[in-house]
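J.: Given these sequences and hints, build the entire structure.
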Amino acid sequence: MTTLLYDGSFDGLFTAIFEVFEYRYQDVEICSKENFQQENMFAEIHEVITQQEKSERVLNKLEQNIGKSGIHQLLQVFLSEDQEMENLILSAVKQSIKHPEENILQNFADNDILKISKICKSVSRERHRMTAFVRFEKLQDDIYFAKIDPDFNVLPLIRKHFKDRYADQKWMIYDLRRHYGLLYDLENCEFFYPDEKLDLNQYQQKFHEEEKKYQTLWQSYFTKTNIKERKNTKLHIQHVPKRYWKYLTEKW
Amino acid sequence: MNFDRIKEKLEILADAAKYDVSCSSSGGKRKNNGGLGDSSASGICHTYTEDGRCVSLLKILLTNHCIYDCIYCISRKSNDIKRAAFTVEEVVDLTISFYRRNYIEGLFLSSGIFKDADTTMERLVRVAKKLRTEHNFNGYIHLKSIPGASDDLMNEAALYADRLSVNLEIPTESGLKLLAPDKNREDMLQPMRIVQKGIQQYKDEKKIIRSTPKFAPAGQSTQMIVGATNENDLQIIKVADHFYKNYGMKRVYYSGYIPVTVDNRLPSITSEVPVLRENRLYQSDWLMRFYGFKADEILDFNMPFLDLEVDPKLSWALRHLDQFPVNLQTADHKMILRIPGIGVKTAQKIVSARKFQVLNIDHLKKLGAAVNRAKFFIDFTYGNPFLKHLTDLNLRKLIIGGSQSKFQNQFSQQLTLF
Chain B
1 MTTLLYDGSF DGLFTAIFEV FEYRYQDVEI CSKENFQQEN MFAEIHEVIT
51 QQEKSERVLN KLEQNIGKSG IHQLLQVFLS EDQEMENLIL SAVKQSIKHP
101 EENILQNFAD NDILKISKIC KSVSRERHRM TAFVRFEKLQ DDIYFAKIDP
151 DFNVLPLIRK HFKDRYADQK WMIYDLRRHY GLLYDLENCE FFYPDEKLDL
201 NQYQQKFHEE EKKYQTLWQS YFTKTNIKER KNTKLHIQHV PKRYWKYLTE
251 KW
Chain C
1 MNFDRIKEKL EILADAAKYD VSCSSSGGKR KNNGGLGDSS ASGICHTYTE
51 DGRCVSLLKI LLTNHCIYDC IYCISRKSND IKRAAFTVEE VVDLTISFYR
101 RNYIEGLFLS SGIFKDADTT MERLVRVAKK LRTEHNFNGY IHLKSIPGAS
151 DDLMNEAALY ADRLSVNLEI PTESGLKLLA PDKNREDMLQ PMRIVQKGIQ
201 QYKDEKKIIR STPKFAPAGQ STQMIVGATN ENDLQIIKVA DHFYKNYGMK
251 RVYYSGYIPV TVDNRLPSIT SEVPVLRENR LYQSDWLMRF YGFKADEILD
301 FNMPFLDLEV DPKLSWALRH LDQFPVNLQT ADHKMILRIP GIGVKTAQKI
351 VSARKFQVLN IDHLKKLGAA VNRAKFFIDF TYGNPFLKHL TDLNLRKLII
401 GGSQSKFQNQ FSQQLTLF
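Sequences listed follow chains B and C, in order. Its first residue numbered 1, the first sequence is counted upward by one per residue in my numbering. Its first residue numbered 1, the second sequence is counted upward by one per residue in my numbering.
None of the hints are false.
Here are the computed lysine-lysine pairs in the DSS-like style, where the Cα-Cα straight-line distance is at most 25 angstroms: (1) Lys130(C) <-> Lys213(B); (2) Lys365(C) <-> Lys397(C); (3) Lys238(C) <-> Lys183(C); (4) Lys242(B) <-> Lys212(B); (5) Lys170(B) <-> Lys29(C); (6) Lys115(B) <-> Lys61(B); (7) Lys213(B) <-> Lys82(C); (8) Lys115(B) <-> Lys355(C); (9) Lys203(C) <-> Lys214(C); (10) Lys130(C) <-> Lys170(B); (11) Lys163(B) <-> Lys29(C); (12) Lys29(C) <-> Lys207(C); (13) Lys7(C) <-> Lys228(B); (14) Lys355(C) <-> Lys98(B); (15) Lys118(B) <-> Lys355(C); (16) Lys365(C) <-> Lys345(C); (17) Lys115(B) <-> Lys366(C); (18) Lys121(B) <-> Lys234(B); (19) Lys365(C) <-> Lys118(B); (20) Lys115(B) <-> Lys98(B); (21) Lys160(B) <-> Lys170(B); (22) Lys18(C) <-> Lys231(B); (23) Lys68(B) <-> Lys31(C); (24) Lys234(B) <-> Lys118(B); (25) Lys345(C) <-> Lys355(C); (26) Lys234(B) <-> Lys251(B); (27) Lys242(B) <-> Lys224(B); (28) Lys224(B) <-> Lys77(C); (29) Lys163(B) <-> Lys130(C).
Read the hints as simulated data drawn from the structure, not as lab findings.
T.: Okay, here's the thing in C-alpha cells:
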C-alpha cells in the first residue's frame, strides 16, 4: 500500500494522479497532508510536489475523453470536500484511461461513477442555492456585502454568475466556514484570503442608512405574498432548509 | 421617499397580486453589458413562501383600483377593500433595490384596470421601458397584458418585457360570462395573437438581421382558475392543449380556486382549495410537454376527470396494460418515458447506462426511479418476479398500498381513523 500525500490543491491532486501512473503504483491511496493521519504503519508514504505541467498533462488527456463538462464534474467532486474525493477522482481517471473512446462518467451502473454523479448533484444543488440565497447588504461605503456558509466549497463555482449579474455595483461574498471571499471592485473579481477572520462584530452599524428600510420592505413583501389558506410548512422547509434561515433577510 | 407609505402600498399591492400563479423567470436570455442584471435561461427561485410557492419575481399590482367586477377577484369594484396605486418611479426603485440585494430575478407587474385598458397598459409599459432604457436593467420582466389593450401597445410591451401573459381566468366561455360579466374571451385572445405574430416575425427577421431587437424572448403564458365553475378536467386539458398548439404558449398555469367571496354563483366560502386536483392537472401538463403524451391519451369522454388516487401516468399505464412490460435494455426512449415511476432524467440515464452493462432492479433504484411503481411494468433481461402481478386485477390496489402520497394526510378530505 502506498499513500500519496499532496498539498490539497487541484493541481496537486492531479500531479499525484500523474505520479500514480508514472511510478506504476498498484495499491494506492491519495490523501491531502492536512487530512492525513497515519493509521497503516506499513504503508509507504510518497510525498507529491505539485507540478502544474504534470497536472495539465492529465487534464488535457482527460478532456479528450470526457470533455470539458467531464472535467467540470471532477472539479465539483474536488470542491465537495468529500472524504473519498481523491480516490473517486483517481478511479474515474483510471477508468477513462482504460476506455478512452467512451465517456465513462455516464456509466451510472458503476459504483464509483454513481457516487461521483451523486456528489455532483449535491454540489450543483448547493451552488444553485447560493445563487438564490445570497443576500447582499449595502454598507456605508456602497459595497454590497454577503455572508455565506455553504456545505461545499462552492465560491469558485458562483464567481461567474455574480460577476455577470452585478457589473455596476461593488460587492463581496464571504465564506464564513472557509474564511475566504470574493471581491468585485467594478473592474476585477478576485478571491481574497484575509490573515485573520473577518471581524463581524457591530457589523450592522456599518449598514448604509437605507439598508434597514429596504430589508423591512422585503420582509413585508415576503409576508404579504404568502397565501394563508394554502399553508404547507413541510414543502416550505423542503425548499428552504432551516440551515439557511439565519442568512435570509426575509427570515428575520 | 416616504418609506412608511411605500411599505403600506407594497403590502396592499403584493397581497392583491399573490393569486397570480405564474412565478417563472426562465427563458430569458438577456446579457449584461456593464449595467445591472442578466436573465439566466433556467431562472432562479430566491425564496419560498410559507405555502411552499417559489418567489422569483417581485410580483405586484400597479394598482388595485379596478373598473371591472369579476366575482372571483379580490380587487373587484364592489369589494370594500383598501385601495392603493404605485407611481412608475416607485415600482422602478423597488425592483432595482431588491434586485441589487439579490432578493429577486426581476419584476412581474400586473394591474387592476383603471380608467380603460389602454391607459392601464400604457402605464405598465412605461415601467418596463424606464427599467430597460434609463437604468440599463437586464433582469427579467413579466408584464400582465390588459385584455382589450391596443395592438400598438402590445407590440411596444413586447420590446421591453421578457414574457407577456393574459389570464384566461375561467376555462370555459360560459363560465367566464357567468363570473366576469364585463370581460369577454375575444379581448383576451387578440393580444395573444399579436404577441404570437410578433414572435414569429422576430424569428424570421433575426435570420436576416442579427441586431433585430428582442421581442418577448421568453414567450407568453396564461392561467386558468380551476374549480370556480363546474368544468371538467378534460375540458381544461383540451383548452391548455389548444393554447400550446395554436398560440405557442410557453406555459399554462392552473390555479385551484380559493374562495374569496360569498355569492351563489360561486362555490361556498368554506369549500377547500382543490390542491390535489390542481397538482394532477400540472402532472398532466408535464405529460403533454415533456413525456410525449397527447391530450386525449390522458383523458377522454368516458373518463372526464383525473384520477385523484393515482397520478395520470400510472392511470394511463393501468388502462394500457397491453403495452407492458417494457424491456429496459431494448425499448426506445419514448416508451421508457411512459413507464410509471420513471422521470425524464432517469429515462435519460437508463438509455446512457445500458450501453455499458445490463441493468437490474438495483441499478434502477440507484438511478432514481420510483421502483415501487416501476417494478410492475418492466422486463429485465434476466426476468422480473414482480411481473406476475401485471395481469392481476388488484394491481392498482397493490401499487397504491405500496406507496405513500405526499398529499395523503395534508389535503385529505377524509378523516383518518388511526
